[in-house]
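Asker: These protein sequence lines are chains S and U, in that order.
Mapped onto the working numbering, the consecutive letters of the first sequence carry residue numbers 1 to 424.
Mapped onto the working numbering, the consecutive letters of the second sequence carry residue numbers 1 to 424.
Everything labelled a hint here was simulated from the structure, so no lab data went into it.
As the structure is a computational prediction, the values presented were derived from the model and not from experiment.
A few of these clues could be false.
Intra- or inter-copy, both count: the list cannot distinguish identical chains.
[What the hints assert, rightly or not] With a Cα cut of at most 20 Å, we get these calculated EDC-like pairs of lysine to aspartate or glutamate:
(1) K70 to E344
(2) K70 to D191
(3) K125 to D149
(4) K70 to E142
2 protein chains.
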Amino acid sequence: METRHHVVIVGGGFGGLHAARALKRAPVRVTLIDRRNFHLFQPLLYQVATGGLSPADIASPLRGILSHQKNVHVVLGEVTGFDLPNHIVRLADHAIHFDSLIVATGVRHHYFGNTDWEHHAPGLKTIEDALAIRRRILYAFEAAERETDPALVQAWLTFVVVGGGPTGVEMAGAIGEIAHFTLRNNFRSIDPSQARIYLVEGLNQVLSNYRPKLAARAANDLQQMGIDVHLNTMVTDIQADHVVLKSGASTQEIQAKTIIWAAGVQASPLGKQLAGAADAEVDRLGRVLVEPDMSLPNYPHVFVIGDLANRPDVEGQPLPGVALVAIQQGKYVARLLIKRLNNESTSPPFRYINLGSMATIGRARAVADMGWLRLTGYWGWLAWLFVHLMRLVGYENRISVFVQWAYNYVTRNRSARLITGEGE
Amino acid sequence: METRHHVVIVGGGFGGLHAARALKRAPVRVTLIDRRNFHLFQPLLYQVATGGLSPADIASPLRGILSHQKNVHVVLGEVTGFDLPNHIVRLADHAIHFDSLIVATGVRHHYFGNTDWEHHAPGLKTIEDALAIRRRILYAFEAAERETDPALVQAWLTFVVVGGGPTGVEMAGAIGEIAHFTLRNNFRSIDPSQARIYLVEGLNQVLSNYRPKLAARAANDLQQMGIDVHLNTMVTDIQADHVVLKSGASTQEIQAKTIIWAAGVQASPLGKQLAGAADAEVDRLGRVLVEPDMSLPNYPHVFVIGDLANRPDVEGQPLPGVALVAIQQGKYVARLLIKRLNNESTSPPFRYINLGSMATIGRARAVADMGWLRLTGYWGWLAWLFVHLMRLVGYENRISVFVQWAYNYVTRNRSARLITGEGE
């Protein structure tokens, strides 16, 4: 039994989990290592941050997902290093020998060297991040209600989202919904709909990898919801109570107590460690440059997949940092390993099949680009709902999320509006 | 408008919330002060601690609940003191004048002077407590899976619940379910069903205020689920990795990494402050002794209700610390205030109408005592489910909890098995 080919997977996100599942019937044993005991459906994390869903709705215990896949052993632990020539992955208190290794530890947020910004403008990558952002957004309305100085009331009611990618667009839209609908009648001194919400993007369109026409529609939808969209605008300073924007030659200081970072990501530090152990290269975001079959140069049995990997598509274009790329890469590497074990000819290079991208802007508003079909408004939103529900892991999560979305749609409520955990 | 009679309520638990709601049509303005932005349905908190439900399922934002009750102003803040002769409640940064005051800040856990036990044996009163206990329980199985020393494996798989009241019984039963059913097939090195679960109670029956026959049935149900019930047993020491039990002349040391405190409560510190400001008495648990109409001696416009109040029933028996007592007292005081404003004759003393008590032991097992009807097993459990669903605040929570319970019943799963937040 222990002589079977041993595949070690580091990271239980989309890439790692789908690689493990695709090895279900393979004559291998699999060890899946993650620091957390659950798989997180990150595309819906902004809904946890804005009180629409609970953490458990979008997270599934890895052991539960894989309980019936007998060839998988889940290890809760943190990888501290690699010894590739000896086929070893090191954890804090022990080491694991592998025959093949798949590293898929993704990315986290990145402040372009301005590490002091993190304290004032938290990013959104983990459940804890989402609950901290939820706490800040809800607390801001509470503080405004208590405040008597009109300038401070307005600063508490001002929200700045930095970065116009899908996360930024969805966060800004959701804060707009909260201010205009969810909190209606909730306060006696302030009017939550007086909130000002800014979405700041450095490029000349939001959703930079969407067609300009769809991106313009998204920006227009946001503006109709009362969100101030600033394109071609850089953030030059972030402090506890204000943010400085620079657009061309003009700068503007916005008094805002709540600033949310959705602008930049960098690779998990394991990328650099792995590259160092293999004499491989990383790009400026710390992502590992890999071969066309997602393996490390000179280490054909070591693979990097998902956001941690830098592998342009066959036309030389970078792939987007989305779940679907990671999923397809995970399945691709699993198939490749099975072929190798069967001594079949090696696979063709990984090729991403773009099934489309979609972002929701608010109630009944979304943009979806599936190549052959572009949807906006209500139909885009229905497509978004359907795809995200179907991709959620676990039937129970699907039912629970569906019930809550249906309820939220009818009542415009968001029931998970809890201020919990440590305050500031 | 501001000249209307001003009722200030401190605490948005069962007592405070129901007092506020019962004043809906009264010619008063109400200020409800709470440190948290939500009302918590504490009877189901143990289900959050054991991964069956999410915090948002059992908590509802106070502003949302009261958004359509225009005469209520919700204040998020912490009361720091009272000046009763001047009719003033003090908060950190301001003071509020009241005409009538209702204090309902409840109880927290209490370690009978052994404050160092708290670190090793957390209690269950807040959302944060529940998530910390959830983390400990789930992490214990993870640690056991990784451990190689058989004695340590067993210590990680040993759980001690101190206190055989409803919370202790429900916690022990839920841990039994997790070990025997939920985690089945989840681990490769350990067998979760080898877990040992102890329930320790100082008196000669669990559920001390139930009839002995029903309590014996509950203890029997627990034992059938593999839980070791120790009656007439005191805890004399708690450390990080063991607990010492004393029963008669014999002592026993149990090696256990997970110890949960469900044994004692004491009044919120505001009780003592209020009593001090009024020259009133508190009992040894810090609860305030009140008049038959729940008012403070010499301060007929200041009331204490719920767990914070000590007022025996008309037969001189102490009232149980349950939601129903607090709810009835909240409504009683609201009615009394309305009568006073109408110059009607004062109310008769508060009289508790006991609608029964119930505790669930596990899947399809519960005991319910409604006086005229006693239920056990499956029927007790159905009654428990129905009553708790109906008492939950908010339709959405009811639907969401119902879906999850139905799903958990069929699959024996608990989907909120997430290890989140700060580890130890």
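Asker: So, for every hint listed, does it hold in this structure?
Answerer: Hint-by-hint comparison with the structure:
no.	hint	in the structure
1	K70 to E344	neither (25 Å within a copy, 73 Å between copies)
2	K70 to D191	between (56 Å within a copy, 14 Å between copies)
3	K125 to D149	neither (35 Å within a copy, 36 Å between copies)
4	K70 to E142	between (50 Å within a copy, 18 Å between copies)
Of the numbered hints listed earlier, those contradicted by the structure are 1 and 3.
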